[in-house]
Each structure stands twice: as structure tokens, then as C-alpha cells.
Amino acid sequence: MLSQRIWLAFPYAALLVLAAWFYRLAGDFQYARQGNNLGPDFWPRAVLAAIMIICVVQGARLLLAGRAPDKPSIGAVEEDDEAPRSNLLLAAGFALTVAYGALVTVLGFLIATFAFLVLFMYAGNYRSHATIWLSGLIGTLLLTFLFQKVVYVSLPRGVPPFDRLADTLLALF
Amino acid sequence: MDTLVQLAQGVLVCLQPFNLLMLFLGVVFGLLVGILPGLTLVMGVVLFLPFTYQMDVTSAIILLAAMYTAGTYGGAFTAILFRIPGEPIDVPMLWDGYTMARAGQPAKALGWTMIAAFMGGTLSAIIMVVLTEPAAKFALRFSSPEYFAVIVFGLASVVSLAQSSLANALISLCLGLAIATVGTDTTYGASRFTFDLPILADGIEFLVVMVGAYGVAEVLTRLERGFASAGVTSKTTTRTELPSLRELNSVKGTLLRSTILGNVIGIIPGAGATIASFVSYGVEGQVGRRKALLGSGIPEGIVAPQSAATASVGGAMVPLLAIGIPGSGATAVILGAFMLHGIQPGPQVMLTSGDMIYAIFASIFLAILLMSVLGFFAIRPLVKILDAPEAVVSAFVIVFCFMGALSIRSNVTDLWLVIAFGVIGYVFERLRFPIAPLVLGVILGPLAEESFLNAMISNSNDWTVFFTRPISAVLMALTVLAVLLPALGALRLRMRSPEMEAKSGA
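Keeping their order, the protein sequence lines are chains R and L. So that you can map any letter, position 161 of the first sequence is 164 in the working numbering, and since no number is skipped, the others follow by simple counting. So that you can map any letter, position 390 of the second sequence is 391 in the working numbering, and since no number is skipped, the others follow by simple counting.
There could be a bad hint or two in this list.
Claimed, not checked - Computed Cβ-Cβ distance ranges for the label pairs, DEER-style:
(1) L:D203 to R:V60: 31 to 41 Å
(2) R:W24 to L:T187: 18 to 28 Å
(3) L:A9 to R:A23: 56 to 66 Å
(4) R:A52 to L:L489: 46 to 56 Å
(5) L:T4 to R:F13: 28 to 38 Å
(6) R:V60 to L:A9: 37 to 47 Å
(7) L:K138 to R:L173: 50 to 60 Å
(8) R:L149 to L:A9: 27 to 37 Å
(9) R:W24 to L:K292: 49 to 59 Å
(10) L:T4 to R:L173: 47 to 57 Å
(11) R:N39 to L:V288: 52 to 62 Å
(12) R:A23 to L:D203: 20 to 30 Å
To be verified - Covered stretches of chain R, as calculated for chain L (at least 3 residues, CB under 8 Å):
(13) 27-41
(14) 115-126
To be verified - In silico negatives: residues of chain R with every beta carbon more than 10 Å from chain L:
(15) L144
(16) V153
(17) P159
(18) R167
(19) A169
(20) D170
(21) A174
Calculated directly from the structure, the hints in this document are not laboratory data. Since the model is a prediction, treat every value here as computed from it, not as a measurement. Think of the CB as a built atom: it goes at the ideal place given N, C-alpha and C, for glycine as much as any other residue.
If we strip away everything but chain R, and leave its shape as in the complex, we get:
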């Protein structure tokens, strides 16, 4: 029972430590003081102090009394009605998302996005191969066209030899 309470209070303790660290960092801001005016550290410190106070109160409440009942939630779906959570699926989603961030500058937007779309659909337990590959390909080309030629956003080209694909496609567009 106590371990459960500690577990419940843990996020607040972690936030408290984080807020305290940032509070200390705010003391190191470099600026030229202007008379008695409040400095650039005042506002962030006030906000961080508020976080620390709430964390202490809420953490102590959870340690002493356990979980407080949540307010009834408007429009929320009951937990029981939802499918069970899968850590494996979540890990796959996180891994793909992080991999996209890491590889988009190397592979370029085209290849990275196409690979992400296809792998994400497979990770989501969808198994219609034709739909996956076709929608991935058409979607990537369409988005590239839309953002490069309509919205004029500069998308990562990637490094050689992957950038050649982006150049070829842009020439075609």
C-alpha cells in the first residue's frame, strides 16, 4: 500500500526536483538591473515556485491519503470500454517517431517519410499490403508536392546519395 502511494507521488517529486533545478538556473540570468524594476528572473521564478508548492502539497496528499478521486470527466470514455494498452505497440510508435527525427536529415524527407508511413501502418496492426505501400507512396509524393510547390516549405533533402532522389523529383515537379 505504501509502495503504491510512493509510486503515485513519484511524478510530483520528480517535477519538484526539476522545478527546483530550473528555479536555481533562473538565478544565473545575466542582465543589467534597471532601478527597482523586477528582473527577467521574477516571472519564471514565480511560476516555478508555484509548481513546487503544488507538487509538495499534492505529493504529500497522495503519500498520506492515496489517490484523490478525479472530478467526473465530461465527454470522457470510460477506461473499461477501451482496448487494453500494449507496451510493445507504444515502444514501436516511439521508436519509429524518434527514428524519423534522427534519419530525416540523412535519408531526406522523401525516403524517411515513405518508410515511416509504411512502417507505422504495419506497426498499427494494419495488414493490407497493397493499401499500405500505395498510400505510402502516393501520400509521400503528394505531401512533397504540396509543401514544396504550394506551401513553399523547405524540406530536408538528405545527404549523398539520397539527396539525388529529392533533386530528381523536384526537377520532375
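Use these hints to put chain L onto chain R, whose structure you have.
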């Protein structure tokens, strides 16, 4: 008369080919966002934000406002026909809308929904036009203390209406305010929490927070559950049958009551269409002429939530355009679109850029009309979107999030920030911390800090100024009430529960 002329000029602006296209696209995508259970209204509006970068501000707001308006209506189709509420707004639609459809009158249920959305939305839009200018003129009296007080009131309302605990909502808000302090301080030029990273010197864009916390986090949460949305189990009619004038006359009280309620709830910062829909249904259950029959498939049970939900749009636009304070999640994104174009909505903009404001007003009237027409004629092709597998839709949603990040400054660091806020959003969801206060904290944080510091500089650091000036004192009192009332309610509920348990035990 002058207002009508300006509104007519606004209609002409909306009828320009590009604006008309944006209006049409906004309505269609708004309806689709409402229909798709995996895509929330706010998330949909966020995802379309990057497309507005190259547009002029009027076209951008027309697109987003049309999406917002239509998004309050689309989910009703699937709630009534397939028992799938596309949005939390549409949950009350299951009780009478779906029941009426099951009783063999799906076309009639769809007709009631259309009429409720059209009339509720139109009446609310009229109230919006009438209220915004006087509200803006009143806001001209505001100086820093009043602005700070109104922002604090807005943030407090968001916190008090949060669906989890008050403490979690407060922490979420404060984290948002803290994130907003990252970057170079505008008064002293001091670097705050930048860790010598050049990208952080410009601060953390509220867009990366919104896209990450609403978009990436939501998709990851749904992936974790294996994209297990309820499937479409039965195909039924997608025809719409409008109620007769006599039938309409019998629900005029409900319609008027719910529209006013939806409008007022929309004006309150943080209380959007979902709360309007539920509260209106609840009020109908309290005071409605046929309250005993509510839940058995009566028109009042459809009209009340739908008219209030669509009416909340007009209400939410009033504080946004008059004072620059968003009244809902979607208007927070619209505020973001204004700011991306270098415009801070408020009394000055309202009074100096009347053409743009009236074009936005007109776009809401036209969006309501267009969504009703599409709702009447195009339900069948619109609900076909439900056939799209959720894994495919979600994969594209997350790629849109990535592209939204890359569009901000063409910098991959923003992509990493979106991913980081996606993770934070997911953790928030698991720990039941609400996301709306975080996002509003990031958006309104700089404004809150600036008005607070200006008030302090002008008043020799005398913080009592917030309580001695009449308008700010009233707003501060309302803030205290906004925070205390739900807390007292929760306390009373908790004190009652042991009593109830003791009684039931005895």
C-alpha cells in the same frame, strides 16, 4: 445599418475565389475531422495551421474558422447512424439521436441535427456580431493591470474546467507558463533557459507544443490501444428529413435556451463545444417541457446539445476578436494563426481592421450555411471516410505533425521539440494531466508576463493595483471564484461520499 453594410462587404470578401475555396475546404475538412473518431476538432485545426503560412491572414482565418464551425456538426452523423461519436461533443447525441435512429427515424434525427446546428449557429453568430464591437470598445479602457487580470481569469477558467484534478491542471498551466519563458527576454535581452542553443534563443514556438501535445501524443495513445475504435457495424440510411414548421415550433424554447447557453459557455475561456453540449443536455433534463422523456429519442435531446455546440463557436470568437483571449482550444489555434501573421487580436485590431474582422464574421455565417447544405446532401460520401483504416489515417496525421514542425523555421530542432512535446503529452495523458492549460499557458504566457511587468513598472511594484482598479478587481474576484467554486464542489462531494457510504451500509 452600418454593421449590416460591413457584414455584406465581409460576405463579398468571402466570395472571392480563393477565400471561397478556403471556406469550402474548411467546411469539408471540418466535417471530416468531426466524423473521424481518431481526430479531434482541435487537432484537425492544428494540422491545417502550416497550410496557412503563405496565405494572407483573412484567408487563413476563414479556413480555420470554417473548420472549427463545421467540426461541431460532423460527428453527429456517425453518432446518430453508427453510434460512433466522432468528438466528445457528440456523446449526448447517442442518447436521443441514436435512439431515434434505432426507432426507425434516422433521417428525421439527422434533420433535427441539421436544423439545430443551422439555427443555433446562426443565432449565435448574430450575437457574436452584435457583441464583439462593444466588447472591444470596452476593452479599450484596459491598461496593463486589466489585461493581466483578464488573462489570469481566462487561465483560471481553463484550470477550473479541466477534466482531471485541480492540482494537475494548475501544474499543467504553470508548466506552460514556464515553457513560454524560454528564450531571450524582451525587456532586458537576457537569455533564459536557452542552454546556449541558438534555436532556443528565439523561444519555444507554441506551435511545436500544440502539434506535439495534441497531435503526436494522441496518435501514440491510440496506437498503444491498437487503433481499436469501434467499427461501423451497420449501414443505414443517410437521407436527411427536415422537421415540419409545426414540429419546429414545438422545440423553439429548447432551441433558444440551448443557443444562448452555448453562446455564453463559448465566451467563457476554456469552456468549448463539449461542455456546451453536455451542459445544455443537462439543463434540458432539468427544465425542459418533456424532460421525463429525455433519452427516449425525442427531438429536444438532439436539438439541445447540437445547437449549444455550434452556438459555442460564435461565443468563443467574441473574446478572441475583442480582447485577444481565446475562448476554446480551437480559438487558441486561431489566435496562433493570427500571431503567425504578426497580428495580436484585440480592441485595436477590431477597431482598425474592421474589413478583416467582418470578413471573418461573414465566413462563420457562410460556413454554417455551407455545412448545413453539405449535411443535407453529402452525408453519404462524407461518412465513407469511416471506411479508411485508422492506422493509415493516423500515420498521415503524425506525418502532418512532422511537416508542421518543419514548416515553422525549416529547422529539424523543431521536429525534435514536437517529438519531445509528443512524449510529454503522452505522459500527461497517462498521469491525467490536462493538456489544454499547458497549451494556453504557452500561448498566453508572454502576454501575461508582459502585462504583469508593465503594471509593476508603472505602479512602482505595487501589486495591490490589480485589486484597487475596478475592472481588474472584478476580474480578480471572478478568478478567485473560478478556482474556488470547483474546489469547494469537489470538497463537498468528498465530504458527502462517506455519509452516503455510511447510509448505504446501514
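Hints and how they fare:
1. Checked against the hint of 31 to 41 Å, the pair L:D203 and R:V60 passes, with Cβ atoms roughly 35 Å apart.
2. Judged by the Cβ atoms, the range 18 to 28 Å given for R:W24 and L:T187 holds: they are separated by roughly 25 Å.
3. Distance hint for L:A9 and R:A23: a CB-CB separation of about 59 Å, consistent with the stated range 56 to 66 Å.
4. Between R:A52 and L:L489 the CB atoms are about 25 Å apart, so this pair departs from the stated range of 46 to 56 Å.
5. Checking the proposed 28 to 38 Å range against L:T4 and R:F13 shows it is violated: the Cβ atoms sit about 57 Å from each other.
6. Roughly 56 Å separates the CB atoms of R:V60 and L:A9, a value that falls outside the hinted 37 to 47 Å.
7. In this structure, L:K138 and R:L173 meet the distance hint of 50 to 60 Å, their C-beta atoms being roughly 51 Å apart.
8. In this structure, R:L149 and L:A9 meet the distance hint of 27 to 37 Å, their C-beta atoms being roughly 34 Å apart.
9. Restraint check, R:W24 to L:K292: a C-beta distance of roughly 55 Å satisfies the suggested window 49 to 59 Å.
10. One distance hint, 47 to 57 Å for the beta-carbon pair L:T4 and R:L173, holds here, with the actual separation near 49 Å.
11. Under the hint 52 to 62 Å, the C-beta atoms of R:N39 and L:V288, about 56 Å apart, fit the expected range.
12. At roughly 27 Å, the beta carbons of R:A23 and L:D203 sit within the given window of 20 to 30 Å.
13. Closer than 8 Å: that is the beta-carbon criterion, and the region 27-41 of chain R has 10 residues meeting it against chain L, so the requirement of 3 holds.
14. Beta-carbon proximity to chain L at under 8 Å applies to 6 residues in the region 115-126 of chain R; the threshold of 3 is reached and the given coverage holds.
15. With 10 Å as the threshold on Cβ separation, the claim that R:L144 sits away from chain L holds: the shortest Cβ distance comes to roughly 13 Å.
16. Residue placement check: R:V153 does not keep its beta carbon more than 10 Å from all beta carbons of chain L (closest about 8 Å).
17. Not every C-beta of chain L lies more than 10 Å from that of R:P159, the closest at about 7 Å, which undercuts listing it as non-interface.
18. Separation of R:R167 from chain L is adequate, the least Cβ-Cβ distance of about 20 Å exceeding the 10 Å criterion.
19. For R:A169, the condition that its CB be more than 10 Å from all CB atoms of chain L holds, with the nearest at approximately 14 Å.
20. The Cβ of R:D170 sits about 17 Å from the closest Cβ of chain L, beyond the 10 Å cut-off, so the non-interface label holds.
21. For R:A174, the condition that its CB be more than 10 Å from all CB atoms of chain L holds, with the nearest at approximately 21 Å.
Of the numbered hints given earlier, the model fails hints 4, 5, 6, 16 and 17; all others are met.
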